[in-house]
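Chain residues, written in single-letter form:
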Amino acid sequence: MRPFEDKIDRLLSVPPYAQSPEEKQASLLEIFKEQLNYGCECHLGYKNFIEHWPGDYRNATHVADLPFLPVGILKTNPPLSFVNQDQIKRTLTSSATTSQTPSRVVLDSPTARRMTKGVVSIVRDFIGSDRRPYLVVDTPGLQAGEEMGARGAAIQGLQPFASETTHCLRLGEQGELQLELDKIKSFAQGREDTELLVYGFTFILWNHLVKPLEAAGISFHLPKVRIFHSGGWKRLQDQAVEKSVFNDRLAQVFGTSPDRIVDFYGMVETVGVIYPDCPAGNKHGPVFGDVIVRDPLTLKPVAAGGRGIVQVCSVLPTSFPGHLLLTEDMAQVLAYDGCPCGRRGISFRFAGRIPKAELRGCGNLETKRS
Amino acid sequence: MHSMNTLSITDIVKTVDSPAEISAAAARMRRVISEEEISPSEVIARFDSWAKNLDARELDDLPGIAFLRMWLRRGTLEPIVSRELGSESADGRWIQEGRANLRAFPVGVVGHWPAGNVEIQPILSMTCALLGGNAALVRIPSGLAELTRALMDKLVQSDTDGRLIRRIFMVSFKHERQDLQAAMAQAVDGAMIWGGKEAVLQIRALPFPHWTRLAVFGPRISVAAMDANAWTNPEEQQTWCLRLARDVWQFDQQACSSPQVLFLEKRPGSSVVPFLSCLQRAFENENRAHPRRMIPAVLTSTICGARASWLLENAEHRAVFPAGPDWTLLLGSGSDIPEPVQGKTLTVLEVDDLRDAVSKWDGNVQTLGLGMGDAEKEKELAVLAGKRGVDRVVKLGRMHVFVSPWDGVDLIRPMVRIVRHVSSTE
Numbered sequence: 001m002r003p004f005e006d007k008i009d010r011l012l013s014v015p016p017y018a019q020s021p022e023e024k025q026a027s028l029l030e031i032f033k034e035q036l037n038y039g040c041e042c043h044l045g046y047k048n049f050i051e052h053w054p055g056d057y058r059n060a061t062h063v064a065d066l067p068f069l070p071v072g073i074l075k076t077n078p079p080l081s082f083v084n085q086d087q088i089k090r091t092l093t094s095s096a097t098t099s100q101t102p103s104r105v106v107l108d109s110p111t112a113r114r115m116t117k118g119v120v121s122i123v124r125d126f127i128g129s130d131r132r133p134y135l136v137v138d139t140p141g142l143q144a145g146e147e148m149g150a151r152g153a154a155i156q157g158l159q160p161f162a163s164e165t166t167h168c169l170r171l172g173e174q175g176e177l178q179l180e181l182d183k184i185k186s187f188a189q190g191r192e193d194t195e196l197l198v199y200g201f202t203f204i205l206w207n208h209l210v211k212p213l214e215a216a217g218i219s220f221h222l223p224k225v226r227i228f229h230s231g232g233w234k235r236l237q238d239q240a241v242e243k244s245v246f247n248d249r250l251a252q253v254f255g256t257s258p259d260r261i262v263d264f265y266g267m268v269e270t271v272g273v274i275y276p277d278c279p280a281g282n283k284h285g286p287v288f289g290d291v292i293v294r295d296p297l298t299l300k301p302v303a304a305g306g307r308g309i310v311q312v313c314s315v316l317p318t319s320f321p322g323h324l325l326l327t328e329d330m331a332q333v334l335a336y337d338g339c340p341c342g343r344r345g346i347s348f349r350f351a352g353r354i355p356k357a358e359l360r361g362c363g364n365l366e367t368k369r370s
Numbered sequence: 001m002h003s004m005n006t007l008s009i010t011d012i013v014k015t016v017d018s019p020a021e022i023s024a025a026a027a028r029m030r031r032v033i034s035e036e037e038i039s040p041s042e043v044i045a046r047f048d049s050w051a052k053n054l055d056a057r058e059l060d061d062l063p064g065i066a067f068l069r070m071w072l073r074r075g076t077l078e079p080i081v082s083r084e085l086g087s088e089s090a091d092g093r094w095i096q097e098g099r100a101n102l103r104a105f106p107v108g109v110v111g112h113w114p115a116g117n118v119e120i121q122p123i124l125s126m127t128c129a130l131l132g133g134n135a136a137l138v139r140i141p142s143g144l145a146e147l148t149r150a151l152m153d154k155l156v157q158s159d160t161d162g163r164l165i166r167r168i169f170m171v172s173f174k175h176e177r178q179d180l181q182a183a184m185a186q187a188v189d190g191a192m193i194w195g196g197k198e199a200v201l202q203i204r205a206l207p208f209p210h211w212t213r214l215a216v217f218g219p220r221i222s223v224a225a226m227d228a229n230a231w232t233n234p235e236e237q238q239t240w241c242l243r244l245a246r247d248v249w250q251f252d253q254q255a256c257s258s259p260q261v262l263f264l265e266k267r268p269g270s271s272v273v274p275f276l277s278c279l280q281r282a283f284e285n286e287n288r289a290h291p292r293r294m295i296p297a298v299l300t301s302t303i304c305g306a307r308a309s310w311l312l313e314n315a316e317h318r319a320v321f322p323a324g325p326d327w328t329l330l331l332g333s334g335s336d337i338p339e340p341v342q343g344k345t346l347t348v349l350e351v352d353d354l355r356d357a358v359s360k361w362d363g364n365v366q367t368l369g370l371g372m373g374d375a376e377k378e379k380e381l382a383v384l385a386g387k388r389g390v391d392r393v394v395k396l397g398r399m400h401v402f403v404s405p406w407d408g409v410d411l412i413r414p415m416v417r418i419v420r421h422v423s424s425t426e
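These protein sequence lines are chains A and B, in that order. If you're matching positions, the first sequence starts at 1 in this note's numbering and goes up one per residue. If you're matching positions, the second sequence starts at 1 in this note's numbering and goes up one per residue.
No lab work stands behind these hints, which were simulated from the structure alone. Any given hint might turn out to be false.
Claimed, not checked - Subject to a maximum C-alpha distance of 20 Å in a straight line, what follows is the list of computed SDA-like cross-link-like pairs (lysine to any residue):
(1) A:300 / B:324
(2) A:47 / B:332
(3) A:185 / A:234
(4) B:379 / B:393
(5) A:300 / B:322
(6) A:356 / B:177
(7) A:300 / A:54
(8) A:356 / B:302
(9) A:356 / B:295
(10) A:356 / B:174
(11) A:356 / B:298
(12) A:356 / B:294
(13) A:300 / B:298
(14) A:300 / B:323
(15) A:356 / B:197
(16) A:47 / B:323
(17) A:47 / B:317
(18) A:47 / B:322
(19) A:47 / B:314
(20) B:174 / A:355
(21) A:234 / B:298
(22) A:47 / B:393
Said to hold, decoys possible - The calculated label-pair distances, taken between Cβ atoms and stated as ranges, are:
(23) A:171 / B:198: 32 to 42 Å
(24) B:296 / A:223: 38 to 48 Å
(25) B:178 / A:40: 27 to 37 Å
(26) B:291 / A:237: 28 to 38 Å
(27) B:363 / A:180: 53 to 63 Å
(28) A:186 / B:207: 53 to 63 Å
(29) A:279 / B:296: 32 to 42 Å
(30) A:18 / B:60: 49 to 59 Å
What the hints assert, rightly or not - Stretch-level coverage of chain A by chain B, calculated; a stretch enters the list once three of its residues show a Cβ under 8 Å from a Cβ in chain B:
(31) 48-59
(32) 227-235
(33) 298-306
Positions of the beta carbon are idealized from the N, C-alpha and C atoms, including for glycine.
Isolated chain A (complex conformation) (with noise of 0.2 Å):
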């Protein structure tokens, strides 16, 4: 075991949003300095790469100057790897609905055992460590095979708070998700009083269970349900379904409040962090990550209020450089630190996708490789 994996046990074992700025700031430091001695010593393209960086990482007293990479980077294939091939227990492929070329990132052992860590001591923060019925809004066997997707990945993290598991949508003969009523009436019966937990990708929530639950007069009575998703709403957008509308439709056929429905951020790349809206709306960095917005004008973190595009950091990853991740996102910073809701650090909202430019004149530039 590397020094450095000890620490970040350590801090997968503290509560996630306790630490203030300082004091992440320097556990965080001191270790992503030493995983980038080690993804010097393992690759030696990425050695070439920070090599090159200006400003030496060692002198760096800031995480914000530490080299970063941009996450389109891992969309090599074969993935950038910081182990052996038969050290790979599985491989995460990103949803890729922007780009069409999937992220693919490798995970050993200890990083695997680390994702669900991370997405245990997030989740417990937000709906306590009882284990209670979950269901799925997706189909079966998304998490099963060496290869596993950012749908299976997040549907994975949240096991851990499983009693017991309830997928409701099958594949019908083309291909196309089916709502299994019967499954969902079941795991509904008798559960009034009972803390549930729900989980299922936004667009997949929208289109496969709130509608054909609203078209069929469905609803049910789970005041104690939780509901998370992911997975953007880029999909949504040329339905113009807006996040309170989505809230409010949700929670109706679960018949819950639409404050149980948490939306959370997460990517395969960052395994192991996801950044779920907190009561008051904002999404926090875990004592094991955090999140820097930089300026595009000048890569420098925003001040409080600004915009910018959104770097991912997380300690979590050893089998990959995954620690430092420039993301294709937007976010606004509201305050880098006293969100009402009692989390430390940074609060932020993400703003979409950079934005792809118009289509360009002769910038708009083509050659070809030989």
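Starting from the known structure of chain A, fit chain B onto it as the hints suggest.
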């Protein structure tokens, strides 16, 4: 006949929402063309005055303004008109050729679809048509309307009798509005189309009348190259680097004439390190003098991606860049043109022989910017480049000098008809 300028800037640059607005404007301009002729020399006089009016402090920060001021000068335009239309054509008279008389006439209303990435291109494109006596229906890409309005406002002040601005209608609308794109196409006798492959194909597919003349300036890239005599010469290094930095900085490296890669011909025993240090200093100086005011987030993301993938894919690759996205030098070797990045990202490749690189080109390279110490080798390279589809071979530092021919074709001549009159009375 109109005797004074009654049009204001808001009449000339408009956001339109209906095809009828476009066809009405085209019909109005067509009447203007038939009622009053304007000779190239009269257009040049107005442009020269416009250039002087553009020399205003409030415009100094507009991208491309220095270039536009130079382009509109009499001294720039008269030689171009003379070369393209003939030395006696400037005043619009008939010119005798044997038993016939020849005279240039406008094709009519010329539509302009400029690229969205070069701020002054709507105006540059428009001026080419106006010099031929045409009217100009110009689509302003979203994001350029305000800048174009500021520049056109100065033309309104210069064109006191309104003879030019009555021939101009600039429209702004979202590029997805196919009905408005089609209305523009149906209204024009000529079209100047600038842009990337997708944009060009979309515009060419519009319902133009069968007689419409098209001048297409499609997607191209440009390349810089230096022989060892030039880049190893310590007395000239700094000047070459300064020139190259200027070519990269203009138009934020997004023009088709912007260098994306620099090929350096190797010389045994000579290290490129001193030259690259010099180039780095030139980039730093240029950046201090002309810092970016804004950048699309997607370009920042692309620049970060290019830096990372270059260094990760090959441990022999090197790079120099600041912490921000201001500029990037990617260093390696090879004779293939790498994927262009833009955003002031120059790939510098060492190559055994410059001919190895040039001989691989397939018509995609528009301009070859050269820094050569060996004149004979330069001549040889120019021939080879011409054979491989290059349209302009120029000295480094002059890659964006907008003179005719551009992209291998004239700028004014394509939108002019040469009418031949053989008298029946003789």
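* List in ascending order the numbers of the hints, as given earlier, that are violated by the structure. => The structure breaks hints 3, 22, 25, 32; every other hint is satisfied.
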